[in-house]
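Protein sequence lines, in the order shown, are assigned to chains A and B. Under my numbering, the letters of the first sequence match residues 16 to 350, in that order. Under my numbering, the letters of the second sequence match residues 1429 to 1977, in that order.
Because the hints were derived from the structure by calculation, they are not lab data. A couple of the hints might just be wrong.
[To be verified] Simulated restraints on C-beta separations:
id: 1; chain 1: B; residue 1: Gln1850; chain 2: A; residue 2: Leu338; range: 49 to 59 Å
id: 2; chain 1: B; residue 1: Thr1741; chain 2: A; residue 2: Gly312; range: 23 to 33 Å
id: 3; chain 1: B; residue 1: Trp1538; chain 2: A; residue 2: Leu338; range: 23 to 33 Å
id: 4; chain 1: B; residue 1: Arg1714; chain 2: A; residue 2: Val198; range: 55 to 65 Å
id: 5; chain 1: A; residue 1: Ala238; chain 2: B; residue 2: Ala1772; range: 48 to 58 Å
id: 6; chain 1: B; residue 1: Leu1544; chain 2: A; residue 2: Val235; range: 19 to 29 Å
id: 7; chain 1: A; residue 1: Val198; chain 2: B; residue 2: Pro1505; range: 49 to 59 Å
id: 8; chain 1: B; residue 1: Trp1559; chain 2: A; residue 2: Ala238; range: 33 to 43 Å
id: 9; chain 1: A; residue 1: Leu338; chain 2: B; residue 2: Ser1875; range: 20 to 30 Å
id: 10; chain 1: A; residue 1: Tyr182; chain 2: B; residue 2: Arg1732; range: 49 to 59 Å
id: 11; chain 1: B; residue 1: Leu1759; chain 2: A; residue 2: Leu179; range: 56 to 66 Å
id: 12; chain 1: B; residue 1: Met1486; chain 2: A; residue 2: Phe331; range: 20 to 30 Å
Every residue, glycine too, gets a C-beta built ideally from N, C-alpha and C.
Listed below, chain by chain, are the residues.
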Amino acid sequence: MSDAASLAGLADTLFSITILVYSLATIAFAVEFAFSREATVSERDKERQPARSGASAEQIGQIQVLNPTRSESEPTPRAQFASRAGQLAMGITLIGAFIHGTVLLLRGLAAERIPLGNMFEHATMVAFIGVAGFLFLAVRTPRLRRVGLFVLLAVTVGLVLNGLFLYAESGPLVAALRSRWLVVHVTTVTIGFGAFLTSGIVSALYLVRSRFEEVGEGAVGLASRIGRRLPDAATLDRAAHRLVIFGFPIFTFAVIAGAVWAESAWGRFWGWDPKETWAFISWIVYAAYLHARATAGWKGRAAAWINVGGLAVMLFNLLFVNLIIAGLHSYAGIN
Amino acid sequence: MTTPTSSLSDAPSLVLDDVSEGQPRSTSPSDGPRLRTRVVRGARGWWRWLTSMRTALMLLFLLALAAVPGSLLPQRPLSQTAVGQYFADHPELAPVLDRFGFFDVFAAPWFAAIYLLLFSSLIGCLVPRTWGHIRALRAEPPRAPSRLSRLPRHAEIPIRNSAEQALDIAEEELRDLRYRVVRRDGAISAEKGLLKETGNIAFHLALLGLLISLAVGKLWGYEGSVLVQEGQGFCNTFQQYDTYSAGPLIDGADLRPLCVDLEDFQARYEPDLTPASFTGDITYSRTLGGADEQATIGINSPLRVDGMRLYLTGRGFAPIFSVTLPDGTELTDLSAPFLPTDPATMLSEGVLKLPDLGAGRDQLALEGVFLPTAQDAGGGLLTSVDPRPLDPAVAIVVYAGTLGLDSGIPQNVFTLDQERIQRGQLDRVGSANLRPGESLELPDGTSVTFTGFKEFAALQLHRDPSQLSVLLTALAMLAGLTATLLVRRRRVFVRPGGMGADGSDRRAMVPGSTMLEIGGLRQGGSTDPTEFEQVVQRIRTALADRKDP
């Protein structure tokens, strides 16, 4: 077996292992989620946020008032168990992300090119960025660790579907893709998409949580049981916004880079090819999200809905436009 | 006085929000004639509606929504054939959609209406915002609030020097950190991050510039496409293009001189038949009869000359035939481009029309497929198994009769008019699968020989005078966007402790020590405290270093 083939084979094996590890992380996050009852401040959280005067102290104070004994003194065994499960889940996710990155690295080495030559590789990379975005948020703001269950669940299911339906052998690029702009354009699209992916999930959770906060403790039903355990709505809203703020300029750059490439490849920088049209639509939706979030009457739930809609548009653009609508961007590598 | 927290949230926020909301509504129906007042009020109300953030958001969504049919329905600028197919498939629906411009959405009046409204709304927002920002750039940071301890961030530093010196040192540090600083009534007001609003306005101005650039390109740009076989060429005139489109302000005389000949075309494949590269060697001259220059163009590498760009957009095979008439007249090197129907095998379809075989003779048409690497599929059928011309063959049907090329109705050069066959104007007179050198005898004694093939390239010439300004405005948008998303506006206030505070300050009573009170606030409620801490730390260090003047 040639080196390239054995590298590609190893990448395939590690892809399966990635899914396995992420599944374990999902389970661990689920355990944390199930065993954490109220919005307690975890120990790590307190370490990172020393008591201060001002607004943030007020926020911490609010939570402390809800649960004064537990967060001040020893946490209950149950909360301790939940916290351990969460830390374990973070560790497993980190290992999974490492293997995940290795898959991409090996596929790149096997084909001697950037591992973004077909839809399988693109989707794999989007999931990787999504996980990385989550890890970044959860390390900075430990409260957001509880979002992990949903991000990891989505990523795991997404990777399974990716492996089942979008899988393409590692191979050389078609002539049209042999350009320096491939690296610039597709990498940035992928990074933007990954940030939007996690942001969309966080906004969806914000919708659940803010409903719970409106209805209050008396709420019943699955949504309220989830909402009860989620971080507070303001934190979720800020996290989603932060990811879009990160992803939107990168996505904008990706569209510009794509236009520059299109100018040299197809003879025009913009031609309303279906993929270009949907890039335009997604850009507008995310621009609308940023505007809405700063507009009275739109900030909060309406803005969150727009962000969720943005993710739907991105997914539609990935799946429907690549696989169903014929266009110049037909590089899926699927027959 | 408003509370300090609200004084920043009143400041311009991330995006252009409703500037008109704060303006007082006109409530004076008494002055002037009633009608005029009503018209003015109506116009004002309409303008207020148009420039409100709510409307802008709705228009944004409308624009996104309006773009959707442009990707789901076939579009004329992308594929005329697909539109024709849609008409055939949906004979009832298609004409209705066509009436409302659904087959060219991005040139439809209703699409233009949405973006023009959106841009009017943008201008309406942007103009007052820009003036406001210019004023803010000139204005001094606001007065320090009376109780710094009520700001979101607050710190106190013990000082040993005089309050005045401590303020001097703090001011110096803040200036070092590039804050805009002003001293008033024994307190420092410092502000940073006006770049946020500058970026915001730059982004939206660049967006306007982008739209104007696009319009210029549409008005003064043109493009033409032509299929060129190896050894042939074309010049940049509308007559020589197979298809062209030009802006309304361009006429034939505006086209710059350029003549191009395709010398050689090469297609290269990877071992697994993935296309690796397509290149065409060309010679071109920039003036009529001017000096020839050489170039190689290919996918992702066009020729750029005098503001024109020449692209290789496609390729294919043109089978060559020779025809020997019954009287012995031999016509050689007859060829026509056959269009590939499957890029993986380069199976190509086309027709060679031969209208001029001599007076009194039937015109001929050779319709069929070209197979670069032919393989017998059984039953006399051939199929192509490789995109490279390793074992070429043609499968042709020959028709004789009148082609009707001079009937005045334009014909597709790649297909035969099926109606003429049905009406009996063209008769099928023979068919055969031919390898190079093989011939087909027709009943009247005419012989058709497949002699070989040439490759052809689809070339496209573009000129867009505003392309560079589109790129520059887009990059300006990106720069403005990045600035406005990453920069945060923040303020820092410094005042010697106890002075002007609520009087209950315990530390002020400790003899020999005074406190310096620092308060800070930041727009956009982030919990990240590091920057304020750094400012405090810097001032603290500076004070400690220069304890004894």
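Hints, verified against the model:
1. B:Gln1850 - A:Leu338: 49 to 59 Å: violated (39 Å)
2. B:Thr1741 - A:Gly312: 23 to 33 Å: violated (49 Å)
3. B:Trp1538 - A:Leu338: 23 to 33 Å: Check passed, 30 Å falls within 23 to 33 Å.
4. B:Arg1714 - A:Val198: 55 to 65 Å: Given about 34 Å between the Cβ atoms, the range is violated.
5. A:Ala238 - B:Ala1772: 48 to 58 Å: holds (50 Å)
6. B:Leu1544 - A:Val235: 19 to 29 Å: violated (50 Å)
7. A:Val198 - B:Pro1505: 49 to 59 Å: Violated - the Cβ-Cβ distance for Val198 (chain A) and Pro1505 (chain B), about 30 Å, lies outside 49 to 59 Å.
8. B:Trp1559 - A:Ala238: 33 to 43 Å: violated (47 Å)
9. A:Leu338 - B:Ser1875: 20 to 30 Å: Given about 49 Å between the Cβ atoms, the range is violated.
10. A:Tyr182 - B:Arg1732: 49 to 59 Å: The hint (49 to 59 Å, Cβ to Cβ) is violated, given that Tyr182 (chain A) and Arg1732 (chain B) are roughly 40 Å apart.
11. B:Leu1759 - A:Leu179: 56 to 66 Å: holds (58 Å)
12. B:Met1486 - A:Phe331: 20 to 30 Å: holds (21 Å)
When each numbered hint is compared with the structure, violations occur for hints 1, 2, 4, 6, 7, 8, 9, 10.
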